[in-house]
Amino acid sequence: MELIVASAIGVLTAGGLYLVMRLRTFPVILGMSLLTYAVNVFLFASGRLTIGASPILQDGVTTYTDPLPQALVLTAIVISFGMTAVIVVIALGAFLGSDDDHVDDQREDADTAGDSQ
Amino acid sequence: MTHWIIAPIILPALLAPFIVLAARYHIGIQRVFSVVGVLALITIAAGLAWNTSDGSILLYQLSDWAAPFGIVLVGDRLSTLMVLLTAVLALFVLLYAIGSGWDDRGRHFHALFQFQLMGIMGAFLTGDLFNLFVFFEVLLIASYGLMIHAGGNARLRAGVQYVLFNLIGSTLFLFALGSIYAETGTLNMADLANRVQLIGPKETTGIRVASVLLLLVFAIKAALVPLHFWLPSSYAEAPAPVAALFAIMTKVGAYAIIRVYTMIFHPGLEVTSGLFDLWLLPAALVSLAIGMTGVLAARSLDRLVAYSIIGSMGMVMVAISLFNPAGIAAALYYIVHSTLAGATLFLISDLVRTGRGNLDLIPQPAMAGTALTAGLFFAGAIAMSGLPPLSGFLGKLLVLEAAYATNLMVWIWAIVLGSSLVSILGFARAGSVLFWKSHSVELGEELPERTAPAMLSYVAVGGLVTLLALHTVFAGQVHKYTTTMAVQLFAPEPYIATVVETPGKLSKPKEDH
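Residue numbers (the working numbering), protein chains in the order written: chain P, 53 to 169; chain L, 114 to 626.
Hints in this document: simulated from the structure, not taken from any laboratory. Positions of the beta carbon are idealized from the N, C-alpha and C atoms, including for glycine. A hint or two may mislead.
[As the list claims (entries may be wrong)] Covered by chain P, per the in silico footprint, the following chain L stretches (three or more residues, Cβ under 8 angstroms): (1) 242-251; (2) 272-281; (3) 286-293.
Start from the sequences and build out the full structure, keeping to the hints where you can.
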């Protein structure tokens with residue numbers, strides 16, 4: 053199981069990093085999502101991997117799983133989900149406004165966006 | 114246990130939804146509540162700073178759960194000073210936003226402003242690393258909204274870059290926290306400081322990776338070269354009052370570095386020794402050089418100010434990366450100065466924009482309200498580039514003095530003094546093009562009539578300049594106080610003992626259980 057989880061984190065991170073380094077907004081946002089999945093699984097694994105163990109104290113049980121990473125992951129999922137929504141909206145606004153979805157800065161001479169005040 | 118320490122977080126957290134729900138169509142009511150809220154924050158922050166000035170540690174256990182099981186808020190000299198600085202800065206930024214009408218150019222400025230304050234205050238007061246992540250996110254979410262306040266294509270595009278860069282930073286933060294938790298099983302800072310000591314010299318791989326990852330995250334926040342690329346365009350495109358408030362956000366990164374790397378991974382710790390001193394100081398020196406070169410190279414005033422922020426963060430990081438009490442004391446003095454000076458310059462750049470319509474550094478006919486704006490720019494530029502008589506000079510002197518005894522003294526002195534000269538040139542060039550060459554420009558066709566900035570805007574900027582002057586006049590007292598702060602930081606035992614040993618509600622098992 054360690055091998056599967058570890059390689060899943062690795063593949064997700066590698067794919068995410070590749071996409072994040074693309075030029076256009078949409079692949080970058082997809083890459084960000086992959087990275088957040090990778091980090092969620094990573095956080096989950098940081099409490100050590102156990103199968104079928106209970107997180108809450110019970111009588112007569114000796115093996116427990118660490119409950120704290122699960123709470124951390126929950127927070128991280130909520131935050132990254134909300135952030136992805138925010139970036140999609142802002143990126144969509146930028147794309148519709150300037151008809152261009154490059155992430156990097158435009159060249160000065162191509163800059164038609166005037167005084168934005 | 115006093116409840117006052119959580120008030121700087123609760124107050125904006127309650128005020129913001131109230132402004133959204135009850136006063137969303139009444140800009141006047143929003144303004145009143147926002148200003149009153151910030152005034153109350155200043156009062157509370159001053160009280161907290163007074164309470165901790167004798168060296169005592171304020172601890173607040175949420176729901177009375179003892180650390181490390183519950184979340185704690187901790188106030189010591191450093192965090193309460195940063196809270197006070199944030200509140201004072203917020204007041205002047207808010208006054209400027211009201212005076213210039215920026216808050217009325219889009220929706221929900223005041224609500225987002227309060228949420229931003231909540232995040233910053235929380236980041237300064239928390240005693241838990243995961244909670245620090247959550248408060249980072251709170252302040253970032255609010256900053257995304259503020260950054261694209263009033264809209265516009267250029268601003269939205271810069272906003273996309275800003276959000277993406279910070280999302281990557283947050284992901285990195287989570288990776289760092291995961292590694293730290295996997296290695297030590299705790300995320301409470303005080304508990305972590307105890308447990309890191311117990312790691313054997315043979316099992317250091319995980320904790321070394323974790324500590325470097327964490328340093329990278331904070332370096333992104335502090336805009337340390339080469340992780341500074343998000344800063345220039347987002348600060349330049351953000352509305353001026355927002356950019357001025359953002360001047361404290363880079364300091365959140367510096368604060369986190371000071372806190373974590375004096376208490377948890379302190380320089381004497383064996384398992385992480387030789388990790389930071391190798392490259393943190395060079396990176397800081399390069400930041401300083403690149404920032405001040407950017408000041409000279411910038412083609413518009415807002416970029417110029419953004420690069421001067423990078424340069425001044427480089428100066429702060431140079432002082433921090435000495436990792437001795439004198440260096441930290443100098444860094445803290447300089448942090449206060451650079452926050453005020455950076456905010457002042459961003460607000461002045463907006464005064465210029467109001468007066469002449471753009472910020473390009475090319476000669477144009479005289480702007481509306483030249484005299485006063487030029488005077489304020491003169492003061493702000495002197496402060497930022499570190500000339501006497503304002504506090505930048507004293508701050509630099511303290512940094513140089515702290516670096517005097519180190520091996521790299523020649524490098525530090527050369528780069529600090531050289532970059533000062535470059536930034537003086539940059540500011541002198543900008544000022545002469547903006548304010549003096551305007552007299553030699555021939556008036557062409559009709560120019561659009563521009564009105565001078567409102568009186569309240571000048572009051573806000575003047576207030577910040579006055580604070581800078583006070584920071585200079587009372588430099589002796591302030592430096593004495595930051596020195597006691599540095600001493601407290603390098604002797605964290607009372608902090609750790611207070612956090613770890615204070616009992617909570619389940620510390621003693623009940624008899625009938």
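inquiry  = Is the listed coverage of the segment 286-293 of chain L by chain P valid when you require three or more residues with a beta carbon under 8 angstroms from a beta carbon of that chain?
reply    = holds (count 5)
message = Is the coverage entry for the segment 272-281 of chain L by chain P consistent with the three-residue Cβ rule at 8 angstroms?
response = holds (count 7)
ask   = Are there three or more residues in the segment 242-251 of chain L whose C-beta lies closer than 8 angstroms to some C-beta of chain P?
value = It holds: at least three residues are needed, and the segment 242-251 of chain L offers 3 whose Cβ sits within less than 8 angstroms of chain P.
Violation of the numbered hints given earlier is absent; every hint is satisfied by the structure.
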